[in-house]
Every structure is written in structure tokens, then in C-alpha cells.
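The task is simple: from the sequences and hints, build the whole structure.
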Amino acid sequence: MFGPRFTTGNRGRLYRELRETHGPVAPVTLVGDVPAWLVLGYRELHQITGDPALFTRDSSAWNMWDRIPHDWPLMPMVGRQPSILYEVGPRHERRSTLVSDALREVDPFELHSHCERHADALIDEFCGRARADLVEQYAMKLPALVLARVFGFGEEDGAALVPSINAIVGGSGEALEGRQHLQQAMGSLLRSRAIAPGGDVATRMQTHPNSGEFSSEEVLEDMMVNIVLGHQPTADWISNSLRLMLTDDRFAASLGGGRASIGEAMNEVLWEETPTQNVAGRWTTRDTQLGGRHIQGGDLLVLSFAAANADPQIRPDQHSFTGGNSAFFSFGHGSHRCPYPAQEIAEGIARTGIEVLLDRLPDVDLDVDEEELPWRPSPFLHGLESLPVTFTPTSAVGGA
4 MFGPRFTTGN RGRLYRELRE THGPVAPVTL VGDVPAWLVL GYRELHQITG
54 DPALFTRDSS AWNMWDRIPH DWPLMPMVGR QPSILYEVGP RHERRSTLVS
104 DALREVDPFE LHSHCERHAD ALIDEFCGRA RADLVEQYAM KLPALVLARV
154 FGFGEEDGAA LVPSINAIVG GSGEALEGRQ HLQQAMGSLL RSRAIAPGGD
204 VATRMQTHPN SGEFSSEEVL EDMMVNIVLG HQPTADWISN SLRLMLTDDR
254 FAASLGGGRA SIGEAMNEVL WEETPTQNVA GRWTTRDTQL GGRHIQGGDL
304 LVLSFAAANA DPQIRPDQHS FTGGNSAFFS FGHGSHRCPY PAQEIAEGIA
354 RTGIEVLLDR LPDVDLDVDE EELPWRPSPF LHGLESLPVT FTPTSAVGGA
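Numbering (our numbering), first residue to last: 4 to 403.
It is worth saying that the hints were derived from the structure and are not from the lab. Model, not experiment: these values are computed from the prediction. Glycine is no exception: its CB is placed at the ideal position from the N, C-alpha and C atoms. Treat each hint with caution, since some may be false.
Estimated spans, in silico, between C-beta atoms of each pair [as the list claims (entries may be wrong)]: (1) ARG107 / ASN13: 36 to 44 Å; (2) SER195 / HIS115: 22 to 30 Å; (3) PHE112 / GLY92: 35 to 43 Å; (4) GLY173 / GLU220: 39 to 47 Å; (5) ARG83 / GLY337: 43 to 51 Å; (6) GLY157 / GLY26: 49 to 57 Å; (7) SER103 / GLY15: 31 to 39 Å; (8) VAL400 / SER63: 47 to 55 Å; (9) GLY53 / MET78: 36 to 44 Å; (10) THR210 / ASP372: 49 to 57 Å.
Below is the structure:
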């Protein structure tokens, strides 16, 4: 899964070839020739995510642990950690309720206000220059800034977190340092809110009726998971949607000042260019059959949301416009899906970010040919490395 076709090639064509050769469940190898199963089928993914007893999120069930070195590069994705991502059973349900309730109380009008202010401030930094990279200068900053604010950070502290969050999601040499900085900042925020509560996510995480069941380390980890995993897919959702609107005539009206098709473009991206492509994963708790394959107990299943979204069994016409259909797998499914309030927050940030940008720069256009746009080399996430654009210079308006 770390070959060039998975990381930078035409993955849509690759998924089709895998499905034609192997069916809805294909054998793959990970770093170090570690075997796994790539689940391509929409129905199979529904089966897996709907049966946590047979397909567990607890990686301790893996039958490969005796072959995995402690410094395996994918250890952060599969090694059990004290966050909600690896919790199972009734305890996961109560922990998920805590997180969902804390996020559900985010005021949508307040969220919109934060988005607009930060979007304007970011655009102010480049609007007079006629050129910009909308990934580096906009999409990779806006979600982190807004999420930091609703979690409880002040403007200055939130801005200081952006490089650390991007270092973590980028897996750069500064990732460990970035995690330490974010962990320290989150810990400081939680301690301050324990003394002086506020109307923010950090306060609600600590005062929820279920919070007494979980350690301060677990609450902190869940805060970090939600801000990091909330930032990167939302950033890619923004840039992937902008790319679509800049290259597809169906969405030209949005660039002319209309907003009606922004939501349609965002929905289309979740079907065709979903930021979360493949997820590791689930582990079988006993031998079973899946998609015509015999899966041994303890095998690792990598869930391909992108392949499932293009499954011809549920989308026989791959060229048809998806419209308002939201039956995609982009946010997962089942007990470990992205919480609905988190999905609504991500959508609010992405849509407002796109609307503000198009309002401020109505004649924005690509500065390179579409084929020259570089995608980040990753088999798991799908987003642009850069989105260079040109536009008529405008004056700053004075944002956050």
C-alpha cells in the first residue's frame, strides 16, 4: 500500500483493478511486507462497521504482533493508545457520548463568526499580492484556528498551535515536538478550565456526567484526537472542493458570486475525492467469511472508504452527478464513525471558508494546469500539497 500507485497514482483506477482481480476484499501488504486485507466493497464495509463484536477496533487482537518491531512506521495508526479511537464496548459508548455532547453544544452562529473572522484575516495576508497557495496559506490554517477557538484557546494561543497541528498530521521531523507542544497546551487549558469554567469544549469535556469515569490523560487524548483529526480532513475538504470548483464547469456559478452549488461541490468531493481514503483498521476476533474470502481470527482489515464510495454495486453509473446523496462512507459508519456534531462542525468550517474566499476573490483562477496540481503522497489521506491561484488584488478588510 506504499507503492506509487497507492500514494500518488490514479487510485480510482487502482481500486477498480483490485476489485476486478480480487473482488470486494483484496490482499495487500503494508510497510515491511506485513499482510492485511483491503476492504473495497460498500456492503462489506457496512458489515464490518456494524458488527464491532466480530470486527473489533482493539488492535491487541492482531495476529501479527510478534512480527512488528517497536519502531514500525505505522505504529501510531495501530498501536493501542489511551484515546477514544481504540476504546471498545460499553466504555467506548459512554466515552463517545461525552465527546459528542461536548461538541454538540458548539453554537453554530458562534462557529460561523469565528470562521468568517479567521478566514478574512488569512485572506488579508495575501489578497493584495495577486497570487497565493490556497493550501499552505489558507486551507491548512483555517480549521485549526477555528477548532482551537471553540475548544477554548484564545486567539494568540490558538494561532501558536497551528504549526504543531500541521507537523503532527504531516508526519514531519517536527511531529514529536508538535505533539508535545499540543499536549502541553491542552493540559494547560484543561487545568485552567477546571478552575475557571467557560462556554467551550474543554469545559464541557471535564464537567460532563460521564467524565468521572475517565482519567485526565484520557480526556486530554480525546481533546487532541478531535482537534487533529478535525483539522486535516477539513483542510483537505476545503482545498479539494476549491480544486473541483476551479476545474469543473458544473460549479462555475459558485465562482461567479453564487453560492448554490458550493454545497453540491463539497458533497461531490466526499464521493469522488474524499479526504479520508483508507483507514487502519479493524481486527477479526475469530475466523470468518467476508466478500468470498476466508479471514482468519486476528487479521487486519484496512477500510477503503474511497473504494466503497465508487463501488459499482451501489453506483453503477460512475459518471452521474451525486447531487444531494449523502450515503458516502467519508465519515465512517457504526459506533466508531466520526461523531455527527464533529461532522457538522467540519462542514460549517469548510463551507464558510469557501464562501468567504469566493466572496473576497470572485475571479480566483488556477495558476497552473489541473494536471500539475500535486497530491500529497499518502495511501490513507487524500489532499493537495498546493493549490496555486491568481486573482485581482484587493484590499484587506481587517479580520481576526
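Hints the structure violates: just list their numbers, smallest first. Hints 4, 5 and 9 contradicted; others consistent.
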